[in-house]
Amino acid sequence: MSILSADARARIDREIAKYPPGQRQSAVMSALAIAQRELGWLSNETMDEVAGILGMPPVAVYEVATFYTMYDLKPTGRFKLAICTNLPCALSGATAAAEHLKSKLGIGFGETTPDGRFTLKEGECMGACGDAPVMLVNNHRMVSWMSGGKLDALIDELSAAADRGEGAPGGGKP
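Once you know that position 81 of the sequence shown is 73 in this note's numbering, the rest is easy, because the numbers rise by one and skip nothing.
No lab work stands behind these hints, which were simulated from the structure alone. Even for Gly, the Cβ is constructed at its ideal location relative to N, Cα and C. Keep in mind that the hints are not guaranteed to be accurate.
[Stated by the list, open to error] Derived pair list, reagent style PhoX-like, types lysine-lysine, alpha-carbon separation capped at 25 Å:
{"hint": "1", "residue 1": "Lys94", "residue 2": "Lys66"}
{"hint": "2", "residue 1": "Lys94", "residue 2": "Lys113"}
{"hint": "3", "residue 1": "Lys142", "residue 2": "Lys66"}
{"hint": "4", "residue 1": "Lys142", "residue 2": "Lys113"}
{"hint": "5", "residue 1": "Lys113", "residue 2": "Lys96"}
{"hint": "6", "residue 1": "Lys96", "residue 2": "Lys66"}
{"hint": "7", "residue 1": "Lys94", "residue 2": "Lys142"}
{"hint": "8", "residue 1": "Lys142", "residue 2": "Lys96"}
[Said to hold, decoys possible] Simulated restraints on C-beta separations:
{"hint": "9", "residue 1": "Pro80", "residue 2": "Met(-7)", "range": "44 to 54 Å"}
{"hint": "10", "residue 1": "Trp33", "residue 2": "Asp5", "range": "18 to 28 Å"}
{"hint": "11", "residue 1": "Val51", "residue 2": "Gly14", "range": "36 to 46 Å"}
With these hints in hand, go ahead and build the complete structure from the sequences.
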């Protein structure tokens, strides 16, 4: 029995088709992203299924999923907030922004708020140093120049979306 939907399998097949025959494993990062977007996180069973689709040993898929911080190996809150804390962002206020978020949400990095709305993660470079500090929401929405006031507005926006039932784990709206 498949964990992934037929739509997710079709999207993974489209990713596989981008690579030469015999190089299915090259689509591992895309396949994991598709699976996570659909299911919200990557269980061992999900990673095993991805390994089967790609014809890879499961351990090779686990290695990719555990190396990159964008993959979640346990359930997250409705909104995963990953703030870049690498040096350019840190020098532009990311450390203060992270402390502001920790205080406002009452959680630390790697934790989820008791209501299940927010998970706070420390992110690696997101390639937008000129917009520092930057943050990703659910791996798909980048927000820039995130100081206290903008962070408060974002949390309010996301809380309102949660009240409307929007924003599923793994990248739902917004």
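Quick rundown of the hints versus the structure:
| no. | hint | result |
| --- | --- | --- |
| 1 | Lys94 with Lys66 | holds (20 Å) |
| 2 | Lys94 with Lys113 | holds (10 Å) |
| 3 | Lys142 with Lys66 | violated (28 Å) |
| 4 | Lys142 with Lys113 | holds (18 Å) |
| 5 | Lys113 with Lys96 | holds (14 Å) |
| 6 | Lys96 with Lys66 | holds (23 Å) |
| 7 | Lys94 with Lys142 | holds (15 Å) |
| 8 | Lys142 with Lys96 | holds (13 Å) |
| 9 | Pro80 with Met(-7): 44 to 54 Å | holds (46 Å) |
| 10 | Trp33 with Asp5: 18 to 28 Å | holds (22 Å) |
| 11 | Val51 with Gly14: 36 to 46 Å | violated (20 Å) |
Violated hints, in rising order: 3, 11; the structure is consistent with all others.
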